[in-house]
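Here is what each chain is made of, one letter per residue.
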Amino acid sequence: MSMVLILKESVTGALLSVLQIAAFVIPILLFIEILRDINILDRFSSFCSPLVRIFQMPKEACLPLLAGLIFGIAYGAGVIIQSVREGHLSLRDIYIINTFLIICHSIIEDTILFVAIGANIWLILFPRIIGAVVVCYIISHIYKPVEVSVVPIPGQTQSSDRPASTN
Amino acid sequence: MVTVATFKRGLGNGLHVTWELAKVTVPIYIAITILSHTPVLPWIADFCNPLMRLVGLPGEASLALIMGYTINLYGAIGVVLSLDLTHKQITIIASMLLLSHCLFLEAAVAKKTGVKVSGLVLTRLLLSVASGVLINWLY
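In the order they appear, the protein sequences are chains G and L.
Start counting the first sequence at 27; every next residue gets the next number (our numbering).
Start counting the second sequence at 493; every next residue gets the next number (our numbering).
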């Protein structure tokens with residue numbers, strides 16, 4: 027086959043593939059924006075609290091988890107940093123949330139990219155979710171939450187489990 | 493509240509992602525297609541075949557994994573599209589890439605929240621390979 031023909035065929039093939047992906051990605055990103063504007067994070071918080079309970083985390087861990095799961099890891103990290111500033115999360119919580127999110131994030135957008143090129147939606151969605159839950163469950167059992175002492179230790183106002191400062 | 497602005501932003505994001513995807517996917521698709529007509533791609537394929545057989549993928553697909561692990565999913569998609577993979581093989585590589593991609597960039601993001609990331613990166617890679625082996629075996 028001549029080089030010109032190869033080039034011509036690959037350009038058409040590439041552009042058609044991009045159009046095919048766009049047909050999935052554009053509606054899905056529109057859907058994600060709608061989720062954002064109906065305050066999906068607030069609505070789902072109560073639904074998510076049993077999940078964080080199995081990892082022995084406070085319910086405040088829900089917001090960064092859901093944010094990263096739906097809107098992406100960068101957005102999730104932003105919410106984590108914000109929650110740490112407000113003092114809701116311990117170092118343990120942050121570690122577990124990060125573990126979960128680094129395995130499983132932007133599950134709508136990333137998944138649809140591969141569904142658009144022909145992957146089986148369930149077989150690519152479940153390994154991520156199951157992987158994240160199992161790994162976090164194991165970590166949550168190895169890395170036990172620090173018991174809050176009733177009697178405050180003199181000269182130490184904050185639990186050592188909490189980060190001293192962020193950034 | 494859902495307003496016209498929601499739709500504008502949603503469509504804008506959609507077009508933006510499509511453009512970002514096209515910028516990476518199209519050149520890589522063309523490059524790999526050209527390479528497949530030279531001895532280079534078969535050479536890489538032969539070299540990686542024994543390892544890739546574990547997850548039921550052809551040797552050429554190793555390029556998609558490397559691209560996805562180091563750079564991003566769009567580059568990996570460019571490679572996947574240019575190869576003639578079956579439905580099962582696309583599912584396997586998609587699962588592997590979804591579990592583990594943009595390793596450097598995403599580790600940097602996680603690091604900003606104040607955790608150690610080397611263990612996380614290793615976990616992702618292990619899960620990626622495990623899912624490949626498992627789907628290849630079960631599908």
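Errors might be hidden in some of the hints.
No more than 25 Å apart at the CA atoms, straight line, and that leaves these computed lysine to aspartate or glutamate pairs for DMTMM-like [unchecked claim]: (1) G:K34 with G:E112; (2) L:K500 with L:E512; (3) G:K85 with G:D68; (4) G:K170 with L:E512; (5) G:K85 with G:E112; (6) G:K34 with G:D68; (7) L:K608 with G:E86; (8) L:K603 with G:E86; (9) L:K515 with L:D576; (10) G:K170 with G:E86; (11) G:K34 with L:E512; (12) L:K580 with G:E86; (13) L:K515 with G:D68; (14) L:K604 with G:E35; (15) L:K500 with G:E135; (16) L:K604 with G:E135; (17) L:K580 with G:D68; (18) L:K500 with G:D136; (19) L:K580 with L:D538; (20) L:K500 with G:D63; (21) L:K603 with G:E112.
Since the hints were derived computationally from the structure, they do not count as laboratory data.
A quick look at each hint next to the structure:
| no. | hint | verdict |
| --- | --- | --- |
| 1 | G:K34 with G:E112 | violated, 57 Å |
| 2 | L:K500 with L:E512 | holds, 18 Å |
| 3 | G:K85 with G:D68 | holds, 12 Å |
| 4 | G:K170 with L:E512 | violated, 42 Å |
| 5 | G:K85 with G:E112 | holds, 14 Å |
| 6 | G:K34 with G:D68 | violated, 50 Å |
| 7 | L:K608 with G:E86 | holds, 22 Å |
| 8 | L:K603 with G:E86 | holds, 20 Å |
| 9 | L:K515 with L:D576 | holds, 21 Å |
| 10 | G:K170 with G:E86 | holds, 18 Å |
| 11 | G:K34 with L:E512 | holds, 22 Å |
| 12 | L:K580 with G:E86 | violated, 40 Å |
| 13 | L:K515 with G:D68 | violated, 36 Å |
| 14 | L:K604 with G:E35 | violated, 44 Å |
| 15 | L:K500 with G:E135 | holds, 18 Å |
| 16 | L:K604 with G:E135 | holds, 23 Å |
| 17 | L:K580 with G:D68 | violated, 38 Å |
| 18 | L:K500 with G:D136 | holds, 21 Å |
| 19 | L:K580 with L:D538 | holds, 21 Å |
| 20 | L:K500 with G:D63 | holds, 12 Å |
| 21 | L:K603 with G:E112 | holds, 19 Å |
In terms of the numbered hints stated before, the structure departs from hints 1, 4, 6, 12, 13, 14, 17, listed from lowest to highest.
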